Amino acid sequence: MEFLTAAIVLGVFAFIVSLGAIIGWFEDLESDTGSQSNPNSQVQLAPQMGVRHRIYNKAISGEPISNGLWGATAGTVFTVLWYSFQVHPLIALAVASSFTTLVHISLAVSSHLGRTASVNIFKQPLYLDVVTSHLPLIASHGFIVSTALVALAYIFYNVFFSLEGLLGYPMPIPFLSFLLGIMAGAVGSSTGDIHYGAERQFQHFPFGEGVPSKNFGQITTKAEVGWRTSIDVTYFCAKYGGPMAGFCYALILLVDNLRLLIGNFTVILLSLITGLIILAALIGFNRYLEVWARKKFGPYA
Amino acid sequence: MGHVTKGAPKKPTINPKYLAIIGVAVGLPGVYLGKFSPLIPAALAVPALVWAADAIRRIAGYGLGTGVPSIGNLAIGMGVLTALVGLRYEPALGVALAALWGIMYGVIIGRLKILEIPVFTRCITELSVGASVGLMALLSAAAGGYTVDFFQGRLMPMIFLTGFVVAVFWATSMTIFHPFNACLGPGEKQTRTLKLAVGVAGIDVTLAGISALGVAGLNPSIMTLEAAVGIIFLGAAVWIGGYYAFIKAAIKESASVMWTGFPEAKK
Numbered sequence: 001m002e003f004l005t006a007a008i009v010l011g012v013f014a015f016i017v018s019l020g021a022i023i024g025w026f027e028d029l030e031s032d033t034g035s036q037s038n039p040n041s042q043v044q045l046a047p048q049m050g051v052r053h054r055i056y057n058k059a060i061s062g063e064p065i066s067n068g069l070w071g072a073t074a075g076t077v078f079t080v081l082w083y084s085f086q087v088h089p090l091i092a093l094a095v096a097s098s099f100t101t102l103v104h105i106s107l108a109v110s111s112h113l114g115r116t117a118s119v120n121i122f123k124q125p126l127y128l129d130v131v132t133s134h135l136p137l138i139a140s141h142g143f144i145v146s147t148a149l150v151a152l153a154y155i156f157y158n159v160f161f162s163l164e165g166l167l168g169y170p171m172p173i174p175f176l177s178f179l180l181g182i183m184a185g186a187v188g189s190s191t192g193d194i195h196y197g198a199e200r201q202f203q204h205f206p207f208g209e210g211v212p213s214k215n216f217g218q219i220t221t222k223a224e225v226g227w228r229t230s231i232d233v234t235y236f237c238a239k240y241g242g243p244m245a246g247f248c249y250a251l252i253l254l255v256d257n258l259r260l261l262i263g264n265f266t267v268i269l270l271s272l273i274t275g276l277i278i279l280a281a282l283i284g285f286n287r288y289l290e291v292w293a294r295k296k297f298g299p300y301a
Numbered sequence: 001m002g003h004v005t006k007g008a009p010k011k012p013t014i015n016p017k018y019l020a021i022i023g024v025a026v027g028l029p030g031v032y033l034g035k036f037s038p039l040i041p042a043a044l045a046v047p048a049l050v051w052a053a054d055a056i057r058r059i060a061g062y063g064l065g066t067g068v069p070s071i072g073n074l075a076i077g078m079g080v081l082t083a084l085v086g087l088r089y090e091p092a093l094g095v096a097l098a099a100l101w102g103i104m105y106g107v108i109i110g111r112l113k114i115l116e117i118p119v120f121t122r123c124i125t126e127l128s129v130g131a132s133v134g135l136m137a138l139l140s141a142a143a144g145g146y147t148v149d150f151f152q153g154r155l156m157p158m159i160f161l162t163g164f165v166v167a168v169f170w171a172t173s174m175t176i177f178h179p180f181n182a183c184l185g186p187g188e189k190q191t192r193t194l195k196l197a198v199g200v201a202g203i204d205v206t207l208a209g210i211s212a213l214g215v216a217g218l219n220p221s222i223m224t225l226e227a228a229v230g231i232i233f234l235g236a237a238v239w240i241g242g243y244y245a246f247i248k249a250a251i252k253e254s255a256s257v258m259w260t261g262f263p264e265a266k267k
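Taken in order, these protein sequences are the chains called A and B. For the record, in the first sequence the residue sitting at position 178 is 178 according to our numbering, with numbers rising by one throughout. For the record, in the second sequence the residue sitting at position 132 is 132 according to our numbering, with numbers rising by one throughout.
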């Protein structure tokens with residue numbers, strides 16, 4: 001193994017991980033701008049409980065499914081332009097992400113309008129300024145997610161063939177970006193949504209008591225100033241939820257590719273052993289964290 | 001209008017039987033007619049997809065909530081496997097297999113009492129067949145029309161190995177479950193949901209057209225550039241038309257529409 005090849009592999013590896021951080025970060029903020037996924041059920045329930053609000057109700061689907069669609073769409077358009085018509089990858093990337101944004105906006109609009117029209121018997125008004133002010137935010141975050149997804153898939157695909165299979169996967173780009181998108185959605189839903197969960201959505205109730213079922217639907221509708229919109233939530237989540245989701249996605253890419261890389265540089269058995277060591281370390285760390293937290297904050301109420 | 005109790009099926013405006021008849025009677029010949037022009041299956045996939053979206057509406061009207069996307073993905077899973085069989089041997093065989101599978105699935109779920117929905121078997125069969133017909137028509141359109149040696153000669157090298165199938169596959173799933181998921185609520189109306197279904201089906205057809213464009217770039221003898229661009233324009237027209245009708249309906253049927261304002265204070 002030449003020193004230069006190893007240096008290039010590590011450089012590309014670092015770039016992959018940083019792209020992963022961007023994907024996770026922006027994916028989570030995109031989903032929070034419109035309370036997709038977990039917080040959605042409470043937003044949907046609020047008008048039925050007599051709580052009328054100015055929060056965007058973006059019920060496209062679960063996050064993994066919708067992000068899978070952005071990845072698949074952008075990856076397909078990119079492959080059509082780059083592979084079939086030999087367009088420069090950067091131009092193909094921009095066109096693919098722009099088209100994906102059109103699809104994204106369409107589905108985001110239809111979910112808010114449809115859900116609002118379907119709670120008409122509870123007199124929830126349809127505010128058009130909520131739609132017009134949230135759409136640019138949704139579109140811009142979604143654009144960055146689909147750009148980063150396809151860029152990551154392109155790097156994985158190309159690096160596999162140019163670096164003798166040390167890094168990356170020999171899969172068609174649409175498949176790769178689709179799977180990476182589903183993964184991004186899963187990370188945003190599991191890690192990021194914790195930071196836009198019970199405490200933010202029910203902020204006017206005492207902290208730490210969880211959400212008793214008598215409070216279901218009684219979401220916080222007033223912000224620090226004026227009525228709360230999903231933009232306030234995005235501002236809040238940009239501090240903790242987004243970075244945490246990005247960190248998680250980057251960590252997944254880092255740890256998994258590190259495992260593959262170690263095996264590819266030496267013997268494949270070592271990759272298996274590394275995987276087991278990482279798994280044991282994660283389980284041990286999580287156990288330690290839980291025990292520490294219980295000692296510090298008391299048992300679960 | 002009073003409160004609609006959860007779980008009570010709402011009275012549809014359009015009889016689902018007609019949708020089913022139109023979906024199969026239009027979609028299945030569309031797959032065969034693909035050899036004349038790929039534009040025909042692309043256009044005729046829309047009724048089948050709208051029918052499947054209506055089936056989701058009926059099945060998920062029993063308070064399925066977060067299960068709507070799951071059941072959409074289940075439908076597309078059954079659809080894609082039977083569509084592959086259909087495109088490999090005979091599209092009518094694929095439809096029959098999809099129906100058989102749907103019935104089997106419905107009977108098993110009904111016997112084990114996993115989901116207690118009275119119309120489950122019928123709806124899951126309709127979903128499976130609708131997804132299968134829609135996918136067959138769209139894949140036939142994307143790979144230049146169903147002909148002899150379609151599967152080995154066109155579908156596998158042009159659509160599967162390049163990965164274009166992912167967008168069509170996933171967008172079809174979205175077309176089937178998104179309309180009801182987006183319109184879910186006590187005031188849901190069939191006409192509004194189906195207008196949205198047409199709009200999302202337009203996105204699906206546009207993606208099939210983009211895949212067709214990729215095929216045209218790789219092998220012009222299978223797919224002409226004009227036909228591919230034609231499918232994209234057709235899809236875009238359906239997309240815009242469906243969304244225009246849906247947004248108009250949603251604005252008209254909302255409790256009140258205003259450019260800005262605040263909700264009334266809670267009593």
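Since the hints were made in silico from the structure, they are not lab data. Values in this document were obtained by computation on a predicted structure and should not be read as measured data. It cannot be assumed that every hint is accurate.
[What the hints assert, rightly or not] Facing chain A, from chain B, some residues (calculated, C-beta under 10 Å):
1) Gly110
2) Glu226
3) Gly230
[To be verified] Using C-beta positions, here's what the derived DEER-type ranges look like:
4) B:Glu90 with A:Gly50: 52 to 58 Å
5) A:Gly284 with B:Pro118: 49 to 55 Å
6) A:Leu102 with B:Leu115: 33 to 39 Å
7) A:Phe85 with B:Gly241: 26 to 32 Å
8) A:Lys296 with B:Thr260: 45 to 51 Å
9) A:Leu269 with B:Ala92: 34 to 40 Å
10) A:Ile105 with B:Ile14: 26 to 32 Å
11) A:Leu45 with B:Lys113: 39 to 45 Å
12) B:Lys113 with A:Met49: 28 to 34 Å
13) A:Arg287 with B:Arg111: 37 to 43 Å
14) B:Pro118 with A:Met49: 25 to 31 Å
15) B:Ser221 with A:Gly284: 58 to 64 Å
16) A:Ile105 with B:Val119: 48 to 54 Å
17) A:Tyr235 with B:Ile21: 48 to 54 Å
By construction, the Cβ of each residue, glycine as well, lies at the ideal position given by its N, Cα and C atoms.
Next item on the list: Look at the Cβ atoms of Ile105 of chain A and Val119 of chain B and judge whether their distance stays inside 48 to 54 Å.
Entry: Given a distance of about 35 Å, which is not inside 48 to 54 Å, the answer is violated.
Margin query: Verify the CB-CB distance for Tyr235 of chain A and Ile21 of chain B against the hinted window 48 to 54 Å.
Written below: Holds - the Cβ-Cβ distance for Tyr235 of chain A and Ile21 of chain B, about 52 Å, lies within 48 to 54 Å.
Next item on the list: Determine whether the Cβ-Cβ distance between Arg287 of chain A and Arg111 of chain B falls within the hinted range of 37 to 43 Å.
Entry: holds (42 Å)
Note to self: Take the shortest C-beta to C-beta distance between Glu226 of chain B and chain A; is it under 10 Å?
What the structure shows: For Glu226 of chain B, the interface hint is violated, since the closest Cβ of chain A sits about 15 Å away, which is over 10 Å.
Notebook entry, point to check: Is it true that Glu90 of chain B and Gly50 of chain A lie within 52 to 58 Å of each other by Cβ?
Noted result: Holds - the Cβ-Cβ distance for Glu90 of chain B and Gly50 of chain A, about 57 Å, lies within 52 to 58 Å.
Check: Is 26 to 32 Å right for how far apart the beta carbons of Phe85 of chain A and Gly241 of chain B are?
Finding: Distance hint for Phe85 of chain A, Gly241 of chain B holds at roughly 28 Å.
Checklist line | Distance restraint hint 34 to 40 Å, applied to the beta-carbon atoms of Leu269 of chain A and Ala92 of chain B | finding: violated (51 Å)
Check: Does the Cβ pair Lys296 of chain A, Thr260 of chain B satisfy 45 to 51 Å?
Finding: holds (46 Å)
Notebook entry, point to check: Under the criterion of a CB-CB separation shorter than 10 Å, is Gly230 of chain B in contact with chain A as hinted?
Noted result: violated (16 Å)
Item checked: Pairwise beta carbon distance, Pro118 of chain B to Met49 of chain A, judged against the given window 25 to 31 Å -> holds (29 Å)
Next item on the list: Could you tell me whether the CB distance from Leu102 of chain A to Leu115 of chain B stays inside 33 to 39 Å?
Entry: Hint holds: Cβ distance 36 Å, inside 33 to 39 Å.
Margin query: Can you tell me whether the CB distance of Gly284 of chain A to Pro118 of chain B sits inside 49 to 55 Å?
Written below: holds (50 Å)
Hint check: violations occur at hints 1, 2, 3, 9, 11, 16; the rest are consistent with the structure.
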